[in-house]
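These protein sequence lines are chains E and R, in that order.
Taking the working numbering, the leading residue of the first sequence gets 1, the next gets one more, and so forth.
Taking the working numbering, the leading residue of the second sequence gets 1001, the next gets one more, and so forth.
Think of the hints as simulated: they come from the structure by calculation, not from any bench.
A few of these clues could be false.
Listed next, the in silico DSSO-like pairs over lysine-lysine satisfying Cα-Cα at most 27 Å (straight line) [claimed, not checked]: (1) 115(E) <-> 1270(R); (2) 1115(R) <-> 1252(R); (3) 1257(R) <-> 1270(R); (4) 101(E) <-> 80(E); (5) 1252(R) <-> 1270(R); (6) 1409(R) <-> 18(E).
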Amino acid sequence: MTASNQLYQEVILDHNRKPRNWGTVDGANHRAEGHNPLCGDHIVLTLSVGSGGTVDAVGFEGDGCAICKASASMMTTAVKGRAVGEAEAMVQQFRDMATGKLDPERDANQLGRLKVFAGVKDLPSRVKCAILPWHTLHAALNNDAVTSTEGDGA
Amino acid sequence: MNPSVASGGFDIDRVRADFPILSMRVDGKPLVYLDNAASAQMPQRVIDRMVEYQTREHSNIHRAVHYLSEIATARYEEARRTAQSFINAASEREVIFTSGTTEGINLVMHGYGRKFIGAGDEIVVSAIEHHANIVPWQMLCEERGATLRVIPVNDAGELSFDAYQALLGPRVKLVAITHVSNALGTVVPVRDYVEAAHAIGVPVLVDGAQAAPHIPVDVQALGCDFYVFSGHKTCGPTGIGVLYGRESLLEKMQPYKGGGDMIASVSFEKTTYNVLPFKFEAGTPPIMAAIALGEALDYLRGIGLEAIARREHELLAYATEGVSRIRGIRIIGTAERKAAVLSMVMEGIHPHDLGTLLNEDGVAIRTGHHCAQPVMTRYRIPATARASFAFYNTFAEVDALVASLERAKAVFGID
Chain E
1 MTASNQLYQE
11 VILDHNRKPR
21 NWGTVDGANH
31 RAEGHNPLCG
41 DHIVLTLSVG
51 SGGTVDAVGF
61 EGDGCAICKA
71 SASMMTTAVK
81 GRAVGEAEAM
91 VQQFRDMATG
101 KLDPERDANQ
111 LGRLKVFAGV
121 KDLPSRVKCA
131 ILPWHTLHAA
141 LNNDAVTSTE
151 GDGA
Chain R
1001 MNPSVASGGF
1011 DIDRVRADFP
1021 ILSMRVDGKP
1031 LVYLDNAASA
1041 QMPQRVIDRM
1051 VEYQTREHSN
1061 IHRAVHYLSE
1071 IATARYEEAR
1081 RTAQSFINAA
1091 SEREVIFTSG
1101 TTEGINLVMH
1111 GYGRKFIGAG
1121 DEIVVSAIEH
1131 HANIVPWQML
1141 CEERGATLRV
1151 IPVNDAGELS
1161 FDAYQALLGP
1171 RVKLVAITHV
1181 SNALGTVVPV
1191 RDYVEAAHAI
1201 GVPVLVDGAQ
1211 AAPHIPVDVQ
1221 ALGCDFYVFS
1231 GHKTCGPTGI
1241 GVLYGRESLL
1251 EKMQPYKGGG
1261 DMIASVSFEK
1271 TTYNVLPFKF
1281 EAGTPPIMAA
1291 IALGEALDYL
1301 RGIGLEAIAR
1311 REHELLAYAT
1321 EGVSRIRGIR
1331 IIGTAERKAA
1341 VLSMVMEGIH
1351 PHDLGTLLNE
1361 DGVAIRTGHH
1371 CAQPVMTRYR
1381 IPATARASFA
1391 FYNTFAEVDA
1401 LVASLERAKA
1411 VFGID
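Please model the entire structure based on the sequences and the hints provided.
So, in structure tokens, the structure goes:
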């Protein structure tokens, strides 16, 4: 089985076909745009973070490949309802997994179903596709309006 | 079409045997290399030539009087004459070695553009240029207060000659246009474009990166003033390319880089530049790469550019027919005259996913914007999947491409 056979699993194909939390959050208080200049992936992420510091609502829109779209869709379902600190920790874990620095089967993590993206580490040209939504989430939580994976070591 | 008949007279088995990389396997599957527009593969003869040079001939050129330097210089200059005859330039003084097409265009931008283009002037490019033939001119426009004008393209990928003629006003100082589009495959009838520009005294640069490996190029017949192409797309190594320039223009231009080899004499009061073509070749050039490029061009000429163009036309026609039968595929670039490039988008599958899935079958294509973002914008698509052919590709490889595209649809659950 090759790396990408592992990658294009049904759960990813399903999120690509029917992205969850698609759209813009009304009354969002965080927003960021993410862009992969090399491949044209582009997403807009909106978030509503409540006074208790939890992600109450999250939505995304954009254009991208199946890896990027599924990663964004699954990210939104994963971080909804979580504290901002937990979401930030997941950003780091996901990036580490995608770049092969974290083994989701061995190292402690909260990635859950997001482990399906582990195989992307063997496809260096596609790592940025998977990471873009997480990069954008980090930017939104830190109020950077526009972000890009350019210059990211990933 | 019967492929064995269609390839009429072309000994494909012998040709493929010349390229060691073509027999490799990717993840257990035979490599199907359809990314030739990005870089072509290298025949054994050229690989051997590099080894031979480094083993028995290497030294610096145009400098010492010792044996190796004489040999290296002679081989380097022979390569220049091979390049000269490959594009039928009138004189070897008009053939300048560069690092590739991009440097060739930048050299003309600096050497000609910065000397002769100023505020209020216009530079005409086309809507189907590679970034390498857009960005240098934009940089010049910004620096000099000049304006970039763009020849529009129709839905098929053909430039509008009428619109071009309308753009050719009194402020135009240079036309920079591609010979073959890397993203769409369109062959531009550059001779007509050159004639129209010359009628109002405007010089024309032709980006031949995608033409030189695929169709016969005769710069004198085209009439262009500058012609640029890359070594690695013509079965040579990376890091080497050719700029053809009309001698009378090259003489008037300022050097692009200063340094050794490009001077006649240097003092702290005044430096006199060397004669053509050395005036534009500062520093030690990639000698081995230049000699290998000469070998590669010689190899292509041995097969014959007419034969290559014919074979690739058959491959393209066969691929276009096969791919067109796949439901949900749209071919981007359907010009009447095309060369070796089949760009496509598949309904429901992003080009990058397609590229990754095809790779599993050993099929190497390019996905992305192909350094031609304005083309993607024009067709309102983020990217395409591009198969690009060389004479050493086979009809069976086209079948493998089609089968792999069908499999990608199945993986994505698309009927």
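Hints the structure fails to honour: Per hint list: single violation, 1.
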